[in-house]
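2 protein chains.
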Amino acid sequence: MSSTPSNLSAESLRSFITRSFLACGFPEHNARVAADLMTQADLNGQDGHGVFRLPQYVNRILSGGMNVDPKFKVIEERTATALIDGDNGLGHLVMHHATQMAMNKAETTGISWVGARHSNHAGPASLYAMMPLKKDMIGIYVAVGSANHLPPWGGTEMLLSTNPIAIAVPSGQNPPIVLDMATTVAAYGKVKTAAQRGETIPEGWMIDKQGTPLTDPTRASEGFLLPIGGPKGYGLALIFGILAGTLNGAAFGQDVIDFNADSKTTTNTGHFIIALDIKAFTDPSKFRADIDRVWGEMKSSPKLPGVDEIRLPGERLARIKGERSASGIPVAPALKAQLDKLAERLGIAPL
Amino acid sequence: MSSTPSNLSAESLRSFITRSFLACGFPEHNARVAADLMTQADLNGQDGHGVFRLPQYVNRILSGGMNVDPKFKVIEERTATALIDGDNGLGHLVMHHATQMAMNKAETTGISWVGARHSNHAGPASLYAMMPLKKDMIGIYVAVGSANHLPPWGGTEMLLSTNPIAIAVPSGQNPPIVLDMATTVAAYGKVKTAAQRGETIPEGWMIDKQGTPLTDPTRASEGFLLPIGGPKGYGLALIFGILAGTLNGAAFGQDVIDFNADSKTTTNTGHFIIALDIKAFTDPSKFRADIDRVWGEMKSSPKLPGVDEIRLPGERLARIKGERSASGIPVAPALKAQLDKLAERLGIAPL
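Which chain is which? The protein sequence lines are A and B, in order. Quick note, the first sequence lines up with residues 1 to 351 if you use the working numbering. Quick note, the second sequence lines up with residues 1 to 351 if you use the working numbering.
Possibly wrong hints are sitting among the right ones.
Same chains, same label: a pair holds when it works inside one copy or across any pair of copies.
Derived SDA-like pairs: lysine to any residue, alpha-carbon spacing no greater than 25 Å straight-line [claimed, not checked]:
#, residue 1, residue 2
1, Lys-135, Val-74
2, Lys-134, Arg-219
3, Lys-209, Leu-133
4, Lys-279, Gly-198
5, Lys-299, Thr-200
6, Lys-279, Glu-77
7, Lys-73, Asn-7
8, Lys-299, Pro-213
9, Lys-134, Asp-258
10, Lys-264, Ala-23
11, Lys-286, Gly-198
12, Lys-303, Ser-146
13, Lys-286, Ser-9
14, Lys-299, Thr-218
15, Lys-190, Gly-154
16, Lys-135, Gly-172
17, Lys-279, Glu-107
18, Lys-336, Met-158
19, Lys-71, Met-103
20, Lys-321, Arg-311
21, Lys-192, Glu-297
22, Lys-73, Ser-12
No lab work stands behind these hints: they were computed from the structure.
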């Protein structure tokens, strides 16, 4: 098999994902919303969170572990908050709905926080944090990760996930500032990629149960990821889990299902989105100009020896999005083969 | 001079801080509120942020760099948000006011976000994050730090402060979970303490302008603090600075005044507080019980070799608060001498 990726258009990807979900029994609108968000993830360069996840999602659906036609319920509501029950639907659909709701509320109240439970994996955090940008709003998204990969600081029992946060802030002339980060030094996906490639991982990513640095990624199951800043990252992972999980009545700690290992059990994934209306604080065009000034200050700092360029969070995302919108999304042959198998299984036209 | 600290009661500290501020011209109510919060910082074990800061605050006041009788103005307001102008008052007063306002708003709307500009240093972040706890609310506080200590990732120009975040979550039987952290591996105060003690600092805290680890804290001015998780902590410091500074029309980046070096120029410090009403999501007693369950799960994880105990964020704070409430607050002789000099300068009874 060749190892050169084929470049596929966003449209062909979107269309393939749509027909996969339709074949699974998704209503048309839901299939389109989910396909659009997953394709967006690939366009944005978040390769581990786009079409790459489709076989896993379909597997869960066909195993009865995810609801193809969820009816969202509002469990609690105030003028600026809501708690939504996602009825075990795909996380993309739940969070798309929750973010729309948060944006509508923030239009009046200035800020809104909408939490969700009984949801599922929703792809990259930045998808939802970026949605409010078009309304001159700042977005903040936090999720309980879909598998536990680290213990509390000083412990050895896997009780915490890499619980990510994304924050998106609009700029004027520059791309939006978009931070999308796990609370661990490295995401688990990077460890898996290193294992596939036969590479070692740097010290500082993982330790084993004796506290010794673990650099052989094929031994990943014997150790755990390290949080950023040691106890600080542990604190962030813990509190993000409480805010996105416990507060919403979603899974956190021992209740978290490893969705890689188990395709049947309801995950009860929790997330929340904050939409913050810039217009409630200042004139958005003034704010955008101020962010451009911040951008310029950071970019023009003198650099450390060996550093080519100072980057802002979201800069790489915008660059890749531009490139892939123009020349397509690279899909590796191994993934293409998996998607061809999926097409066969679902009886649909291949990608 | 003996190096044994004297243990002083919270009441004597509170009273001394109050009369210091009164001597500076603070209205009585403001003197009491500020003294109460600063004493709380000392009770909570945040020694670098309590009475330790009093000489610096008084110095700024007497240099004309801070307003002793600020009139807060609401610049923008929606049902769930506000932007306050602190009229160059002490940060404690501005944030005490902002947090009250946020709690009042959240009572109805479920969440509130109140930002402030033209404020000043406000002591430890957790003071404000913990205020909403008594209303069954979660508190989140973020500030632009009062001096720049790090460059953007890969750069060498000091454009970012250690921009801290504090998040406080109530529990049932256990202390509240309180995370209070700088976005750098070490706070600058820890480096100064190591220099005073003639100790070296660990690799990973600072680098110099060549990118080489800096472990001699007397050379601190030649280098800069490292953010947690490298580019991740840089992203957090940057975005916290935007949300607490730029969005509020407060200083961020090149505009930040080093309040250690300059006692006259208005700092235009920015902060924000979020109050999130647990009652808008679930029954608070159920939530508290759930947090106790999370607490228990974390505490009972098996431990790494050499680890005595797994701690939750806020556990140490609660223990110290208990000890100091019972047996007083240790004040080192060097600090006591400074405060005696201050009393003389202000013509008030010493501590």
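Evaluated hints:
When the C-alpha separation of Lys-135 and Val-74 is checked against a cutoff of 25 Å, the pair qualifies both within a copy, at 23 Å, and between copies, at 24 Å. For the homomeric pair Lys-134 and Arg-219, neither the shortest alpha-carbon distance inside one copy (44 Å) nor that between copies (46 Å) is at most 25 Å. In this assembly of identical chains, the alpha carbons of Lys-209 and Leu-133 never lie at most 25 Å apart, being 43 Å within a copy and 36 Å across copies at closest. In the homo-oligomer, the alpha carbons of Lys-279 and Gly-198 never lie at most 25 Å apart, since the shortest distance is 51 Å inside one protomer and 51 Å across protomers.
In this assembly of identical chains, Lys-299 and Thr-200 lie within 25 Å of each other by CA distance neither inside one copy nor across copies; the values are 32 Å within and 32 Å between. In this assembly of identical chains, Lys-279 and Glu-77 lie within 25 Å of each other by CA distance both inside one copy and across copies; the values are 23 Å within and 10 Å between. With identical chains, the CA atoms of Lys-73 and Asn-7 are never at most 25 Å apart, being 40 Å at best within one copy and 56 Å at best between copies. Taking identical chains as interchangeable, the C-alpha atoms of Lys-299 and Pro-213 lie at most 25 Å apart only when they sit on different chains, with a minimum of 23 Å there against 34 Å within one chain.
Within a single copy, Lys-134 and Asp-258 get their C-alpha atoms no closer than 34 Å, and across copies no closer than 36 Å, so neither meets the 25 Å cut-off. Taking the shortest alpha-carbon separations for Lys-264 and Ala-23, only the intra-copy value of 19 Å comes in at or below 25 Å, while the best inter-copy value is 69 Å. Taking the closest pair of Cα atoms, Lys-286 and Gly-198 never come within 25 Å of each other, the shortest separation being 50 Å inside a single copy and 48 Å across copies. When the C-alpha separation of Lys-303 and Ser-146 is checked against a cutoff of 25 Å, the pair qualifies only between copies, where the shortest distance is 24 Å, while the shortest distance within a copy is 38 Å.
For the homomeric pair Lys-286 and Ser-9, neither the shortest alpha-carbon distance inside one copy (37 Å) nor that between copies (49 Å) is at most 25 Å. For a Cα distance limit of 25 Å, the shortest separation of Lys-299 from Thr-218 qualifies neither inside one copy, at 38 Å, nor across copies, at 29 Å. For the identical chains of this complex, Lys-190 and Gly-154 are neighbours both inside a copy (23 Å) and across copies (22 Å), given an alpha-carbon limit of 25 Å. Proximity of Lys-135 to Gly-172 under the C-alpha cut-off of 25 Å is restricted to the intra-copy arrangement: shortest distance 14 Å within a copy versus 40 Å between copies.
Proximity of Lys-279 and Glu-107 under a CA criterion of 25 Å is satisfied in both settings, with 9 Å inside one chain copy and 23 Å between copies. Neither within a single protomer nor between protomers do Lys-336 and Met-158 lie at most 25 Å apart by alpha-carbon distance, with minima of 33 Å and 47 Å respectively. For the identical chains of this complex, Lys-71 and Met-103 are intra-copy neighbours only, at 20 Å inside a copy versus 33 Å across copies, given an alpha-carbon limit of 25 Å. Proximity of Lys-321 to Arg-311 under the C-alpha cut-off of 25 Å is restricted to the intra-copy arrangement: shortest distance 16 Å within a copy versus 42 Å between copies.
For the identical chains of this complex, Lys-192 and Glu-297 are neighbours neither inside a copy (37 Å) nor across copies (28 Å), given an alpha-carbon limit of 25 Å. When the C-alpha separation of Lys-73 and Ser-12 is checked against a cutoff of 25 Å, the pair qualifies neither within a copy, at 33 Å, nor between copies, at 55 Å.
The structure fails hints 2, 3, 4, 5, 7, 9, 11, 13, 14, 18, 21 and 22 (numbered hints given earlier, in ascending order).
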